[in-house]
Amino acid sequence: MYRATTRAAEGSAHRCIAGSEAFVCELQSFHYDPEENIPLFHLPKHVNAIRFVKTFYGRQDEEQQLNSYDGLLHKQLNSPIAIEIARNSLERIEIPSNLEYADFKQNEIKEIYAASNQSYALRFLNLYANTDMRQLTIANISKFVNLETLYLGLCNMYTIPEGLFDNMDRLKVLDLRGNHFSQIDLSRFPPSLTELLLEDNRIVSLNFPTDRFPMLTELNVEDNFINNVDVSALLAMAPKLKLFAVGHNPIKRAQLVSILDELVRRNVAYYNTELPKDSECLADERKFRGVCIPESSFPLEAGDWVEIVLLVGLLIVVLVGGVFFAVKLWAKFGLFLLLNCVVGRAELNTHKCLAGSETFVCTLPSFHYNPEDNIPKFDLPEGVNAIQFVRPLYYTSMLDTTISMYDALLHKQLNSPKAIEIIFNRLTMIEIPPNLEYGDFMINLIQKIYVSSNQSYALRYLNLSANHRLRSISTNISRFENLETLYMRYCGIRIVPGGIFENMNRLKRLDLTGNDIKQIDLSRIPPSLTALLVKDNGFKNFQFPSGRFPLLTELNVEDNLLNNVDVSAILAMAPKLKLFAIAHNPIKRAQLVSILDELDRRNVAYYNMEVPEDSECLANERKFRGVCIPESSFPLEAGDWVEIVLLVGLLIVVLVGIVFGGVKLWKKYHPSWEVVNYFNRQPQERC
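Residues in the sequence shown are numbered consecutively from 1, following the working numbering.
Just so you know, these hints were derived from the structure itself, not from any lab. The structure presented is a predicted model; accordingly, all values stated were derived computationally and were not measured. Cβ coordinates follow ideal geometry from the N, Cα and C atoms, glycine included. Wrong hints could be hidden among the right ones.
The calculated lysine-lysine pairs, modelled on DSS-like cross-linking and capped at a C-alpha distance of 25 Å, are [claimed, not checked]: (1) K143 / K75; (2) K54 / K352; (3) K578 / K508; (4) K242 / K252; (5) K578 / K623; (6) K172 / K252; (7) K518 / K540; (8) K535 / K576; (9) K508 / K518; (10) K418 / K508; (11) K143 / K172; (12) K287 / K252.
Okay, the calculated beta carbon distance ranges per label pair [said to hold, decoys possible]: (13) P635 / F181: 32 to 38 Å; (14) P381 / Q591: 57 to 63 Å; (15) F298 / L551: 21 to 27 Å; (16) R92 / Q591: 56 to 62 Å.
Model the full assembly from the supplied sequences, consistent with the hints where possible.
Right, dumping it as structure tokens:
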């Protein structure tokens with residue numbers, strides 16, 4: 001592994017220092033604009049893989065925003081075959097022909113450029129959690145015919161572009177989790193697939209085309225709306241299937257019994273025993289033979305009571321036997337056995353930091369952690385107070401790099417750091433330690449947050465974005481009274497519990513972008529806020545409490561259902577407001593003119609010129625004074641009627657010209673009636 005030692009100044013070369021992976025260079029992210037400067041790099045000859053990383057603190061630093069990856073930057077990097085730019089600000093990527101591995105997860109990609117007459121070596125492409133991609137952008141992926149692995153999870157997709165996978169004859173792993181598909185045509189997927197992940201969509205039913213996937217071994221349809229499955233058709237489609245994950249679907253118990261019996265008979269697993277989250281049920285679910293399904297699927301029957309009685313009896317027998325055995329064992333071996341067990345569990349490989357430029361941050365490769373299986377050991381340098389877990393650039397199995405929980409034991413083994421980052425993993429539970437100040441847990445599967453009711457917490461920064469299983473704001477968050485920054489973007493939240501933020505008197509930035517919230521009581525949001533982002537929700541109106549936010553400078557309500565806004569009430573609520581982002585709302589033009597005029601008069605910006613997407617309109621929108629609003633917001637005005645009259649007049653002139661020209665041609669070239677009558681006669685009459 002290589003890592004940049006200093007931030008490269010303009011015109012100086014960016015460098016790597018030797019680390020554990022000889023062929024990978026890790027560079028600090030920097031602001032890149034090909035029109036301003038051409039970056040220089042001093043790279044060892046044997047390096048063929050590049051990873052860009054940001055400084056652990058200061059993620060919003062503009063000097064670290066890498067907005068594009070193009071042919072020039074690729075050439076300056078000596079044309080590597082592998083590139084990773086994750087959790088950055090990428091908006092445009094240009095895929096070089098020699099690139100084989102590309103990891104661009106969690107960016108803001110809107111454009112993927114690929115030449116139509118070029119062949120590409122790309123085998124691995126990760127676009128996970130790029131929520132701003134358009135259908136046309138996704139369609140360009142079809143040009144990468146050598147792809148073997150493709151991640152398109154959490155990309156805000158509703159449909160699959162026509163012909164996207166037609167030429168991908170080598171594709172093996174396809175991840176479409178966390179999108180909005182209501183129906184899927186499996187016949188459009190390449191038959192070369194070995195793993196297909198459709199978890200957490202809105203699929204109601206599936207049709208299985210016979211013999212479509214001869215190599216498929218894993219199919220995941222968890223967290224959908226499927227109520228039945230034809231196992232025979234499934235196995236006819238994928239005869240080598242080894243895992244069919246079917247949990248968290250509203251399947252009635254009777255149908256589920258039939259499905260599971262048939263899967264067992266065919267030697268097909270229906271949940272992954274190596275992934276803890278596969279066997280963890282939500283509050284409104286119940287586990288049945290290892291599968292979580294809704295409580296509504298379990299009507300109580302006579303057989304249920306018999307099972308309950310038998311299970312209770314069996315439990316009593318097991319408990320009595322266990323106690324008896326434990327007493328015998330303790331009497332015979334005593335403390336020696338206990339110490340031997342503890343030492344045995346502790347005898348594991350020690351995890352060490354990857355070399356890096358920031359002396360107080362330890363970057364560790366992610367590993368499989370389950371406190372019931374082992375107690376991990378770490379060899380950490382003195383002075384390290386921040387831990388960052390990363391997945392290896394190349395890895396063969398997700399199971400080997402899965403951290404299912406962050407608890408007090410793991411925190412203690414890490415020497416109780418003040419900052420922790422576990423991103424794009426499989427966390428299902430986190431336990432917040434009292435001394436933790438910085439916690440970044442975005443893109444996981446978190447369902448539970450554990451806190452102590454009588455404990456104070458030092459936590460200042462918490463990022464829970466893209467944890468789509470969270471679905472509601474846990475009241476436990478109210479315990480973090482020292483929070484200054486809270487991100488809960490794209491968590492599927494619908495309701496904000498009352499009083500959840502009342503004790504957070506230091507909270508400055510609150511980001512609830514991309515949820516399903518329809519109303520929020522601003523009078524219960526902390527007055528200490530300087531930035532409030534509720535973009536891309538379902539708000540139709542707001543009540544602005546006067547004098548509530550004396551320090552608020554940024555309020556973003558874009559992408560909602562607002563049709564009017566009281567600017568005077570907003571400024572009475574937030575007198576220091578500098579930016580009120582209002583685009584992509586169905587506001588009529590007349591109201592919008594009034595709103596923008598008042599904002600101009602009060603010296604308040606209404607879109608961010610430093611964020612390009614704020615000025616990019618969708619296909620059904622039109623830009624007005626820098627703000628994108630729907631076409632329906634523009635009623636026909638005098639100028640529009642003039643255009644219509646001119647167009648109609650032009651059409652009339654064209655029609656008159658055609659008729660006039662036709663008459664002239666007829667008079668000049670029309671056939672004589674004698675010839676016409678001749679051809680109208682019967683054949684025998686002509687002779």
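Hints breached by this structure | 6, 15, 16
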